[in-house]
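Residues per chain are reported as follows:
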Amino acid sequence: MSIAPITPPAVPEIAGVSAAERPAAKPELAGSFSKALSEAHAAENRATDAAERFAKGDPGMGIHEVVIASEKANIAVRYATTLKNKALEAYRELMNTQV
Amino acid sequence: MSTMDFFTAMEVSASGLSAERTRMNVAASNLANAQTTQAAGGGPYRRRDVVLQSADVPGATGTPFAQAVRGVAVAQIAQDAAPPRLEYDPGHPQANAQGYVAYPNVNPVEEMVDMITASRAYEAGITSMTTAVNMAERALGIGR
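So the sequences go chain by chain: A and B.
Take the first sequence: its letters are residues 9 to 107, numbered as in this note's numbering.
Take the second sequence: its letters are residues 113 to 256, numbered as in this note's numbering.
Just so you know, nobody snuck in bad clues.
Here are a few chain B residues that face chain A, going by a calculated C-beta distance under 10 Å: (1) F118; (2) F119; (3) M122; (4) E123; (5) A126; (6) L129; (7) S130; (8) R133; (9) Y234; (10) E249; (11) A251; (12) G253; (13) G255; (14) R256.
Just so you know, the hints here were simulated from the structure itself, not pulled from any lab data.
We treat Cβ as the ideally placed atom computed from N, Cα and C, and that holds for glycine.
Given the sequences, and given the hints that come with them, work out the whole structure.
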């Protein structure tokens with residue numbers, strides 16, 4: 009009667025993550041965040057511009073255009089904030105890793 | 113734009129709102145001038161009609177859906193070619209040799225219907241806008 013030797017279990021590849029992809033992850037997140045920030049900034053500028061034009065009595069600027077522009081700015085800012093929160097969350101998760 | 117999809121729906125709704133606002137303005141103009149016997153260019157006021165056409169969505173040009181998803185724009189504000197309404201009123205300063213006064217070809221009942229239609233369509237546009245905004249907000253709340 010023979011006893012099979014104990015072999016170390018093979019470490020499986022983490023699905024979807026290859027070595028080549030890992031270094032690209034950080035600049036991608038930073039890039040999308042800065043893009044979202046600049047989008048939010050542009051949307052805010054457009055909202056301010058719309059409000060100013062409406063206040064000046066521009067006939068091409070209706071009430072709904074002003075409200076829509078500020079709503080877009082709201083969404084863009086919240087999008088940027090959400091990205092920021094996700095990034096911070098991931099960072100904290102990493103920093104709290106028990107060694 | 114990463115938030116483009118929701119903004120496209122908002123742009124389309126916004127163009128619809130602008131179109132309905134124009135229709136409202138024109139209906140108000142027609143109602144206000146229902147008795148105007150003297151307009152610019154001579155003759156009574158002529159009823160105005162809004163002609164709408166589909167238009168590109170701003171910001172969506174170049175995307176695969178640019179031709180599929182269309183906004184709306186006012187093509188022109190046309191004058192109704194229907195003849196003016198003649199009423200017998202010899203004492204009126206604008207009466208012709210036979211004593212008839214040419215009144216605008218405006219039917220106030222029709223204008224009221226147009227106005228209600230514009231108002232309801234505006235509400236519909238706001239509903240689709242609100243839905244698009246809600247969808248964007250729900251998307252931002254994923255995982256929270």
